[in-house]
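Novice: Residue numbers (my numbering), protein chains in the order written: chain P, 466 to 897; chain A, 4 to 507.
Keep in mind that the hints are not guaranteed to be accurate.
In silico SDA-like cross-links for lysine to any residue, where the CA-CA straight-line distance does not exceed 20 angstroms [to be verified]:
{"hint": "1", "chain 1": "A", "residue 1": "K465", "chain 2": "P", "residue 2": "I628"}
{"hint": "2", "chain 1": "P", "residue 1": "K719", "chain 2": "A", "residue 2": "G99"}
{"hint": "3", "chain 1": "P", "residue 1": "K882", "chain 2": "P", "residue 2": "R622"}
{"hint": "4", "chain 1": "P", "residue 1": "K882", "chain 2": "P", "residue 2": "V620"}
{"hint": "5", "chain 1": "P", "residue 1": "K888", "chain 2": "A", "residue 2": "N323"}
Over 12 angstroms on every C-beta distance to chain P, these chain A residues come out as not near it, computed from the model [to be verified]:
{"hint": "6", "residue": "E67"}
{"hint": "7", "residue": "T98"}
{"hint": "8", "residue": "G102"}
{"hint": "9", "residue": "N120"}
{"hint": "10", "residue": "D122"}
{"hint": "11", "residue": "K154"}
{"hint": "12", "residue": "D178"}
{"hint": "13", "residue": "N216"}
{"hint": "14", "residue": "A220"}
{"hint": "15", "residue": "P238"}
{"hint": "16", "residue": "G278"}
{"hint": "17", "residue": "G320"}
{"hint": "18", "residue": "T357"}
{"hint": "19", "residue": "T391"}
{"hint": "20", "residue": "G406"}
{"hint": "21", "residue": "D467"}
These aren't lab readings, by the way, just hints derived from the structure by calculation. Don't be surprised by glycine CBs; every beta carbon is placed ideally from N, CA and C.
Listed here are the chains, written in short residue letters.
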Amino acid sequence: MTQQDTFFILAPVLEDRADELMSLLERMTLKPGLADPDNGLVPFGRFDRLHVARFFLVEANTWRDIEVYGQEPRPYPLHLAFLGDVDGDRQSFLKELAQECPDGLNEIFSHCEGAGSGSLLRWMERHNVEEAANYVNTRGRTVRQVHEEATLATVLRGKLANIVKTQGSADPFKLHRQLAEFVNHEKANGSLHLTAPERPGLLRRITNAMELISVPLILLLISPLVLLALPFFLIWLRMLERSDPEILPRPDDKRITDLGRYEDHDVTNPFSAFGDVKPGLFRRVVTTVALYLLNYSARHIFGRGYLTRVQTIHFARWVFVDGKRRVMFCSNYDGALESYMDDFVNKVAWGLNLVFSNGVGYPSTRFLIKRGAEQEAKFKRYLRNRQLPTQVWYKAYPGLTARDLARHGEIRKGLEKRPNGAKALRNWLSKI
Amino acid sequence: MSFGPDIPNDPVEFDDMQGLIRFGHGRLVEAEFLLCMVDDVEPAREWLRDAPVTSAATLDAPPETALQLAFTASGLEAFGLSNAETSGFSHPFLTGMAGEDSRSRRLGDTGQNAPKNWDWDGGEAHLLVMLYAREGGLDAWKDEVLNAGFKAGFGLIQSFPTRPNEGFEPFGFRDGISEPKIDWQNAHPPSKHGREDYSNLISPGEVILGHRNEYNARAASPKLEAGVAEGDVLPDAPDAEGLRDLGRNGSYLVFRQLAQDVPGFWRYMDGATDGDADRRQALAAKMVGREMDGTPLIHDRRDIEGSRQANDFTFEGDVNGVSCPIGAHIRRANPRTGDQPHHVEGRLRWVLSTLGFLRRRDKLPGRHDLVASTRFHRLVRRGRVYGTRMTPEQALKKGAKTGERGLLFICLCADLVRQFEFVQNAWMASPTFNGLSGEADPLIGGRAPMSGVASDGFSIQKADGIEEQHPNLPQFVSVKGGGYFFLPGLRALQFIARHGSKEA
Chain P
466 MTQQDTFFIL APVLEDRADE LMSLLERMTL KPGLADPDNG LVPFGRFDRL
516 HVARFFLVEA NTWRDIEVYG QEPRPYPLHL AFLGDVDGDR QSFLKELAQE
566 CPDGLNEIFS HCEGAGSGSL LRWMERHNVE EAANYVNTRG RTVRQVHEEA
616 TLATVLRGKL ANIVKTQGSA DPFKLHRQLA EFVNHEKANG SLHLTAPERP
666 GLLRRITNAM ELISVPLILL LISPLVLLAL PFFLIWLRML ERSDPEILPR
716 PDDKRITDLG RYEDHDVTNP FSAFGDVKPG LFRRVVTTVA LYLLNYSARH
766 IFGRGYLTRV QTIHFARWVF VDGKRRVMFC SNYDGALESY MDDFVNKVAW
816 GLNLVFSNGV GYPSTRFLIK RGAEQEAKFK RYLRNRQLPT QVWYKAYPGL
866 TARDLARHGE IRKGLEKRPN GAKALRNWLS KI
Chain A
4 MSFGPDIPND PVEFDDMQGL IRFGHGRLVE AEFLLCMVDD VEPAREWLRD
54 APVTSAATLD APPETALQLA FTASGLEAFG LSNAETSGFS HPFLTGMAGE
104 DSRSRRLGDT GQNAPKNWDW DGGEAHLLVM LYAREGGLDA WKDEVLNAGF
154 KAGFGLIQSF PTRPNEGFEP FGFRDGISEP KIDWQNAHPP SKHGREDYSN
204 LISPGEVILG HRNEYNARAA SPKLEAGVAE GDVLPDAPDA EGLRDLGRNG
254 SYLVFRQLAQ DVPGFWRYMD GATDGDADRR QALAAKMVGR EMDGTPLIHD
304 RRDIEGSRQA NDFTFEGDVN GVSCPIGAHI RRANPRTGDQ PHHVEGRLRW
354 VLSTLGFLRR RDKLPGRHDL VASTRFHRLV RRGRVYGTRM TPEQALKKGA
404 KTGERGLLFI CLCADLVRQF EFVQNAWMAS PTFNGLSGEA DPLIGGRAPM
454 SGVASDGFSI QKADGIEEQH PNLPQFVSVK GGGYFFLPGL RALQFIARHG
504 SKEA
């Protein structure tokens with residue numbers, strides 16, 4: 466199984482170069498925010514291992530909020546973030562990137578501090594920030610697989626319609642056989658490709674299994690301690706939850722209008738947000754543990770099309786920056802922002818609370834999972850105040866939703882291994 | 004179990020509410036809507052002060068006539084209410100339905116439906132006057148309401164006469180069957196996990212501002228700054244010292260003129276079914292999700308809270324869309340889903356379901372849990388039909404003209420974004436609704452690609468697993484204009500009339 470990896474290059478923008486950088490980034494797009502896959506600077510479309518990627522300017526809109534805790538707010542200088550999700554490992558991808566478009570990358574990064582002198586690759590590696598948590602909709606599914614399965618689905622749809630037109634649909638077994646034969650024929654003459662998925666090596670399987678059991682095992686081992694500490698933890702937590710202030714001003718109308726310019730040019734949208742973690746050791750530890758568990762469950766429990774009940778996310782990333790004082794959140798989701806926020810509020814408010822309630826100004830929670838995002842209007846304000854425009858966003862399979870990808874995968878699966886029984890076959894046919 | 008905020012169960016004040024929120028004025032079969040500009044603000048104020056606006060309080064005898072008034076954002080300004088004096092009006096109301104490209108993109112107002120092709124834009128008007136009367140009474144009522152004072156104060160931009168209300172839309176289908184029931188008594192507050200199954204009841208705050216909504220929070224309501232002249236007729240704003248509640252008992256009103264190509268619609272059905280009258284009707288019924296007389300294509304009824312018996316059904320038993328296509332109009336407009344994708348019994352099942360472990364995804368194409376919690380996206384519809392009647396048979400006659408007919412779509416909601424825009428975007432116009440691809444609402448969809456994906460197909464799921472495809476649908480319905488309005492409470496209306504007035 467080809468593993469997915471991530472990169473996240475983050476560097477401060479040189480003073481007075483921000484406007485120039487903005488217009489440079491604009492040159493890479495077809496519509497506001499939507500990358501031209503063949504743009505002259507970083508031609509994303511040329512990289513067949515790249516799922517999604519984005520450039521955006523990181524601005525700390527809410528950095529002053531921490532003042533309510535009596536803390537001196539720390540300004541966060543404007544940064545440029547360049548991130549993406551790839552098949553295979555980061556190192557080799559960045560190398561490929563640096564080889565394929567050094568000029569474009571150099572031109573972009575020349576607006577950042579410390580770039581330009583020495584090796585581009587080394588500079589990117591040095592500025593790479595490891596994620597705290599990462600979610601991949603379907604682990605192991607490569608860009609190539611997505612394209613191949615999409616083509617398969619289109620071809621089968623046409624073929625099925627033709628077969629049914631001439632002979633009807635009475636015998637689903639025969640239909641399956643005919644489609645399978647047709648695909649084999651097309652594969653043999655080279656007009657269809659269905660690359661067999663790479664099987665994970667023994668070492669990979671062992672490390673995966675060890676990772677999988679490690680967390681429950683550790684939890685089991687320390688459970689007596691956890692139980693002892695739980696009352697104190699809860700008391701401490703409730704004290705903080707009672708005193709933590711909500712900071713939820715109405716988002717500036719102009720900002721909302723500006724953010725809208727970048728949205729809904731594809732069925733999928735990027736979301737980028739940046740905010741501060743509540744001060745103090747307690748919150749820092751809770752955020753770290755929550756993101757660790759999130760990452761664990763995204764790797765080992767979810768990652769087969771579902772993040773709890775939500776099925777509209779392609780990739781999502783949580784990253785600590787500035788010494789764990791701040792968190793960046795970037796995701797790629799299907800539909801308009803309002804449906805995305807509603808899906809979360811209505812299905813997984815508890816999950817949002819677990820992570821985001823550690824952010825300064827978040828709607829008040831109870832016991833870390835209750836209330837918070839259940840207060841829909843407040844939660845939306847919190848999120849919108851921290852949302853940032855994504856100046857350049859690329860997706861390797863425009864027009865396809867996560868549901869489309871899953872359906873294509875199910876079509877292929879049923880083609881290669883015939884579903885059992887007439888009813889299951891009919892269900893399979895209905896997906897084509 | 005619920006630790007919800009303490010929103011008092013305020014009694015709903017019908018006498019401060021415009022009647023349209025509570026009543027569809029169905030018996031007042033005649034209606035006309037007028038889009039106006041303020042020409043001269045003093046006479047306009049004077050007229051407004053005395054306008055016989057209908058309240059939601061019940062009378063001893065049913066009324067003979069009704070008048071309702073709604074304002075655009077620029078209309079409020081025209082009455083001297085500056086932006087600095089108010090806060091909290093919703094963003095889409097302030098910018099208007101056609102005010103931003105991104106909004107038009109989301110609403111599917113692109114291609115032929117783009118605002119540049121509209122006949123009128125509500126954002127450029129000030130006031131919407133809505134007149135209703137019993138059969139034969141409209142002319143007299145118009146003379147009475149649109150008196151010399153009105154003419155001195157307002158200029159007419161456009162008037163929208165309507166066809167007497169019979170409960171059928173222009174294609175010939177019974178309309179207005181599915182309406183949410185507003186829980187005026189606040190007797191069924193949304194408890195913590197109280198709405199796992201679909202219910203037709205909605206909290207008052209889904210329609211009127213300042214009341215409790217389905218999230219157990221107070222519906223956002225615009226406020227008036229402290230010390231504004233005449234502000235003391237308004238109630239105090241809750242949780243905001245010194246401010247007045249301008250939106251209390253008001254609502255947002257969405258108005259869209261949808262022109263319907265009746266000959267085009269029936270000609271398409273006829274062509275697609277080789278002129279077979281029964282199949283023609285059946286295809287149209289598949290697109291709507293109901294027969295022309297309103298009978299739903301789903302036959303197994305179940306008891307649904309707050310629902311009329313004729314409308315007692317969900318799509319639970321038809322997840323694969325064999326009875327009612329997944330993309331059918333009524334399935335998009337109201338997917339009838341609860342908060343959980345399946346019946347959960349017991350704590351453990353509830354936890355497993357919440358964590359996303361109770362999946363049935365591979366079983367059937369329609370079973371995705373992609374569309375949940377319908378209760379947050381309900382609309383109270385108050386539309387009327389315009390233009391002369393044309394039966395399917397007349398529409399199929401040679402030389403039948405498209406003509407001026409259609410629907411004056413009107414709906415009320417407390418949150419324009421979460422309710423109207425969500426329904427229009429994610430359910431009606433989206434080509435990827437509920438796991439589909441390449442089709443928007445077969446009835447009312449614009450056919451321009453949305454977010455780069457085709458939207459002009461329609462698929463009918465069948466028991467044999469082979470979908471019946473209807474590609475390249477022509478456009479049957481075009482948007483001719485639209486706007487967002489504020490339908491104020493009666494005290495707010497008096498405030499608007501008196502504020503800034505020299506005589507006050």
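Novice: Could you run down the list of hints and mark each one as holding or not?
Specialist: Evaluation of the provided hints:
no.	hint	in the structure
1	A:K465 with P:I628	16 angstroms, holds
2	P:K719 with A:G99	14 angstroms, holds
3	P:K882 with P:R622	18 angstroms, holds
4	P:K882 with P:V620	18 angstroms, holds
5	P:K888 with A:N323	12 angstroms, holds
6	E67	40 angstroms, holds
7	T98	7 angstroms, violated
8	G102	9 angstroms, violated
9	N120	20 angstroms, holds
10	D122	25 angstroms, holds
11	K154	36 angstroms, holds
12	D178	26 angstroms, holds
13	N216	9 angstroms, violated
14	A220	6 angstroms, violated
15	P238	20 angstroms, holds
16	G278	20 angstroms, holds
17	G320	16 angstroms, holds
18	T357	7 angstroms, violated
19	T391	38 angstroms, holds
20	G406	34 angstroms, holds
21	D467	4 angstroms, violated
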